[in-house]
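Using the sequences and the hints given, assemble the complete structure.
2 protein chains.
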Amino acid sequence: MDDVSYMQRALMLAEKGKGTTSPNPMVGTVIVKNGKIIAEGFHQKYGDKHAEIMAIDNASTSVEGATLYCNLEPCTGDIPEKKTPPCSQRIVKEKIKKVVIATLDPNPYVNGKGVEFLRQHHIQVDTGVLQPEATLLNEKYFTYIRLERPFIHLKIAQSLDGRIATSKGKSKWITNENALKKVHQLRSEYDAILVGINTVLQDNPSLDVRLSQGKNPFRIILDNNLMIPLDARIFNHSDPEKTLIFTFKPATDVKIKDLSGKGIQVVSLLSNDQPYLNLNEVMSFLAKSKISSVLVEGGGEVFTSFIKNRLFDKISFFIAPMMIGSGIQSIGDLGIDSLDEAFRLKNVRIEIIDQQALVEGYRDNGNIER
Amino acid sequence: MDDVSYMQRALMLAEKGKGTTSPNPMVGTVIVKNGKIIAEGFHQKYGDKHAEIMAIDNASTSVEGATLYCNLEPCTGDIPEKKTPPCSQRIVKEKIKKVVIATLDPNPYVNGKGVEFLRQHHIQVDTGVLQPEATLLNEKYFTYIRLERPFIHLKIAQSLDGRIATSKGKSKWITNENALKKVHQLRSEYDAILVGINTVLQDNPSLDVRLSQGKNPFRIILDNNLMIPLDARIFNHSDPEKTLIFTFKPATDVKIKDLSGKGIQVVSLLSNDQPYLNLNEVMSFLAKSKISSVLVEGGGEVFTSFIKNRLFDKISFFIAPMMIGSGIQSIGDLGIDSLDEAFRLKNVRIEIIDQQALVEGYRDNGNIER
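Protein chains in written order, with my numbering: chain A, 1 to 370; chain B, 1 to 370.
For the record, the hints were derived by calculation from the structure and aren't laboratory data. Treat the hints loosely; a few may be bogus.
Stated by the list, open to error - Covered stretches of chain A, as calculated for chain B (at least 3 residues, CB under 8 Å):
#, region
1, 258-267
2, 322-333
Unchecked claim - Here are the computed lysine-lysine pairs in the PhoX-like style, where the Cα-Cα straight-line distance is at most 25 Å:
#, chain 1, residue 1, chain 2, residue 2
3, B, K242, A, K172
4, A, K346, B, K346
5, A, K308, B, K290
6, A, K16, A, K181
7, A, K172, B, K18
8, A, K255, A, K215
9, B, K172, A, K346
10, A, K346, B, K182
11, B, K215, B, K242
12, B, K170, A, K170
13, A, K308, B, K172
14, B, K18, B, K182
15, A, K168, B, K242
16, A, K16, A, K308
17, A, K16, A, K168
18, B, K181, A, K346
19, B, K346, A, K182
20, B, K181, A, K170
As the list claims (entries may be wrong) - Pairwise CB distance ranges (calculated):
#, chain 1, residue 1, chain 2, residue 2, range
21, A, Y276, B, G169, 44 to 50 Å
22, B, P275, A, K168, 24 to 30 Å
23, A, D364, B, P132, 39 to 45 Å
24, A, N58, B, D364, 40 to 46 Å
25, B, Q274, A, G332, 56 to 62 Å
26, B, N178, A, M227, 45 to 51 Å
27, A, D78, B, G169, 55 to 61 Å
28, A, D340, B, P275, 30 to 36 Å
29, A, Q274, B, R146, 57 to 63 Å
Beta carbons: idealized from backbone N, C-alpha and C, even for Gly.
As structure tokens, this is what we get:
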């Protein structure tokens with residue numbers, strides 16, 4: 001086996017942490033000695049051992065003189081609020097001979113310092129093996145750290161002619177059960193789901209992951225005038241503190257007090273005479289709350305605002321084989337006059353789910369280079 | 001080999017006539033004697049020999065006592081304006097023992113009479129072998145004969161959010177070169193291409209098949225007020241009689257005379273105070289002109305009228321991975337209030353062309369059962 005194969009194995013191990021390491025990245029480690037894998041590890045859960053430490057602790061024989069493969073740069077001791085001892089020190093202490101990594105850690109407290117520390121201690125370090133794959137795997141983490149906002153993924157379920165509901169607002173069901181299962185699986189991979197108040201009023205969703213496995217994400221509602229009914233289904237969760245409502249209403253508002261009393265978080269933003277909540281402010285707030293990824297599920301006005309503000313990294317269209325004609329459009333005015341200005345997607349992937357097409361891709365001129 | 005295999009071979013032969021037999025169906029024939037194929041034939045071109053005759057003529061040994069496989073019922077002598085001698089008489093004359101067919105001919109002059117004639121002459125006839133496949137192969141012919149109108153196929157090139165052009169009408173190019181090649185290939189399989197006047201004014205298309213092979217189809221333009229410019233690119237064809245313009249302008253109009261002088265066909269329809277040309281009248285006129293299939297290429301108003309009037313059999317969406325936001329929508333008001341009324345597609349097929357999705361299907365509650 002060569003470097004690429006070992007790194008593939010490390011990436012595979014890393015992926016086992018999907019949905020549980022956030023806001024930490026997914027990391028996997030393979031330790032090789034005399035051409036044999038002698039230990040493996042991965043980061044299982046936020047707050048738990050790092051992959052490198054787990055692998056070293058798991059090794060059945062001494063790791064002295066071995067090569068350690070890891071998809072992310074080993075951490076240093078400089079991170080504030082650090083929960084675990086730094087991996088690079090442990091690697092030095094264990095006299096590992098060589099470290100192969102896929103990407104540097106974008107976290108400025110680590111970025112390049114981990115590699116530097118290892119080299120200062122005479123450990124050979126190779127970087128860049130399977131870098132694109134490693135960046136893609138941790139796209140949420142990279143975006144969160146570099147842009148100080150969550151990774152934003154828009155999920156749109158629509159007809160062929162781009163309608164997300166009839167003119168009367170009915171959207172149950174445009175896409176079918178198998179698409180819905182896929183959506184629930186997607187939800188389980190995100191820290192939070194975000195919808196606008198119209199979606200709550202029209203569909204009264206639970207925003208849970210009942211058709212899949214994994215933890216329920218945070219529920220974020222954009223509700224300028226705090227119109228959400230107190231008996232909305234979204235409040236029927238046993239973890240009310242994971243429901244956040246952003247509004248223009250002042251903190252002194254009586255309804256806010258009612259909601260706070262139930263444990264719901266309500267965040268008052270200044271209106272600045274804008275008709276819409278400032279999405280940059282909302283995203284900054286979420287990032288500060290350690291929410292590193294958001295799945296935006298509608299409705300049309302919300303999608304339009306996010307796209308217009310270039311606040312999205314990925315977008316998924318679930319397209320059902322039907323035409324509705326008039327009705328609520330998935331995306332409204334983006335202020336575009338020419339096709340040159342159209343929002344084009346890159347790294348497009350098309351999947352067929354029953355008779356529905358799932359078209360997904362990344363924002364062109366996006367922030368994460370691959 | 002069994003009946004199904006021989007019929008598959010007959011269907012394969014039939015398909016060789018694609019694009020050249022219209023308004024006749026595609027027909028293939030295989031003659032089998034003592035378990036061996038002794039002759040094959042197919043209908044090559046409108047006016048040419050029928051498949052059965054070609055096969056019999058091609059046979060190297062006597063066809064007496066043989067079994068003849070044909071995807072369509074052999075014709076009788078009852079068809080008006082018949083160009084060739086009836087196949088069923090020839091089959092009897094050649095003392096063929098058994099005939100296996102996939103479908104009856106929907107043409108009322110033949111329908112069941114061919115089979116009856118053969119049985120009267122003591123030939124064993126089996127029907128229904130690969131009937132669905134045979135009906136699909138000749139879907140244009142079946143629709144044309146049964147409904148006395150052309151098979152109507154809507155072709156829509158749009159963005160993910162259902163826009164066929166920017167708000168300024170620009171549509172070059174939403175889909176890419178490979179999708180365009182596919183469109184030209186599709187054109188070559190249709191008797192006519194139809195567009196609205198807005199598409200002519202905006203895009204000035206040639207409506208030819210330059211990126212593919214095959215004959216140029218008829219060009220049909222819906223032009224209520226005869227606004228088409230005399231120097232439109234669509235007039236640069238060496239066969240001006242294959243350009244038809246439907247209009248509300250009376251036949252006495254000076255511009256009609258100009259166009260007729262160039263060899264263009266202009267058809268004046270009564271307005272009946274309707275804003276749109278009566279599509280049923282247009283389709284009847286085309287059927288009478290032996291146009292058995294039409295590819296409708298836009299624009300949005302034209303698509304909407306055809307769908308609203310339930311005048312379509314098949315629809316193909318070429319979806320490019322971009323969002324335009326405001327702009328011209330592919331499909332406008334269909335008068336639908338609830339999702340139950342939405343136009344759903346059946347027999348959906350999804351193809352990936354580069355990074356574009358081609359989603360196509362048939363109108364549910366369509367006219368041809370499969």
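Hint check:
Only residues whose beta carbon comes within less than 8 Å of a beta carbon in chain B count, and the region 258-267 of chain A has 0; fewer than three means the coverage is violated. Coverage of a stretch by a chain is defined here by at least three residues with a beta carbon nearer than 8 Å to that chain's beta carbons; for the region 322-333 of chain A and chain B the count is 11, and the condition holds. For the given pair, B:K242 sits about 47 Å from A:K172 by alpha-carbon distance, which is inconsistent with the 25 Å threshold. This hinted pair does not check out: A:K346 and B:K346 have alpha carbons roughly 30 Å apart, beyond 25 Å.
Distance check on the hinted pair: A:K308 and B:K290 sit about 50 Å apart at the alpha-carbon level, beyond 25 Å; violated. Proximity of A:K16 to A:K181 is assessed by CA-CA distance (about 20 Å); at most 25 Å being required, the pair is judged to hold. With a C-alpha separation of about 42 Å, the suggested pair A:K172 and B:K18 falls outside the 25 Å cut-off, and the hint is violated. With a C-alpha separation of about 29 Å, the suggested pairing of A:K255 with A:K215 is violated against the 25 Å cut-off.
Proposed proximity of B:K172 and A:K346 is supported: the alpha carbons are some 19 Å apart, at most 25 Å. At roughly 22 Å between alpha-carbon atoms, A:K346 and B:K182 fall within 25 Å of each other, so this suggested pair holds. For the given pair, B:K215 sits about 12 Å from B:K242 by alpha-carbon distance, which is consistent with the 25 Å threshold. Taking the CA atoms of B:K170 and A:K170, the gap is near 32 Å; set against the 25 Å cutoff, the hint is violated.
The hinted pair formed by A:K308 and B:K172 meets the criterion: a straight-line CA distance of about 22 Å does not exceed 25 Å. Distance check on the hinted pair: B:K18 and B:K182 sit about 15 Å apart at the alpha-carbon level, within 25 Å; holds. Our distance criterion of 25 Å between C-alpha atoms is broken by A:K168 and B:K242, whose separation comes to about 45 Å. With a C-alpha separation of about 35 Å, the suggested pairing of A:K16 with A:K308 is violated against the 25 Å cut-off.
For the hint pairing A:K16 with A:K168, the CA-to-CA distance comes to about 43 Å; that exceeds 25 Å, so the pair is violated. Taking the CA atoms of B:K181 and A:K346, the gap is about 22 Å. The hint holds against a cut of 25 Å. Under the criterion of a C-alpha separation no larger than 25 Å, the hint pairing B:K346 with A:K182 is consistent with the structure, at around 22 Å. Taking the CA atoms of B:K181 and A:K170, the gap is about 38 Å. The hint is violated against a cut of 25 Å.
Hint check: A:Y276 to B:G169, Cβ distance near 29 Å, so the stated range 44 to 50 Å is violated. The hinted range of 24 to 30 Å is satisfied by B:P275 and A:K168, whose Cβ atoms lie roughly 26 Å apart. For A:D364 paired with B:P132, a C-beta distance near 43 Å keeps the hint of 39 to 45 Å intact. Distance hint check for A:N58 and B:D364: the Cβ-Cβ separation is about 58 Å, which falls outside the suggested range of 40 to 46 Å.
Evaluation of the 56 to 62 Å hint for B:Q274 and A:G332 yields a failure: the beta carbon distance comes to about 31 Å. At roughly 47 Å, the beta carbons of B:N178 and A:M227 sit within the given window of 45 to 51 Å. A:D78 and B:G169 have their C-beta atoms about 57 Å apart, which keeps the hinted 55 to 61 Å range intact. Take A:D340 and B:P275: their Cβ atoms lie about 34 Å apart, and the range 30 to 36 Å holds.
One distance hint, 57 to 63 Å for the beta-carbon pair A:Q274 and B:R146, holds here, with the actual separation near 59 Å.
Hint check: violations occur at hints 1, 3, 4, 5, 7, 8, 12, 15, 16, 17, 20, 21, 24, 25; the rest are consistent with the structure.
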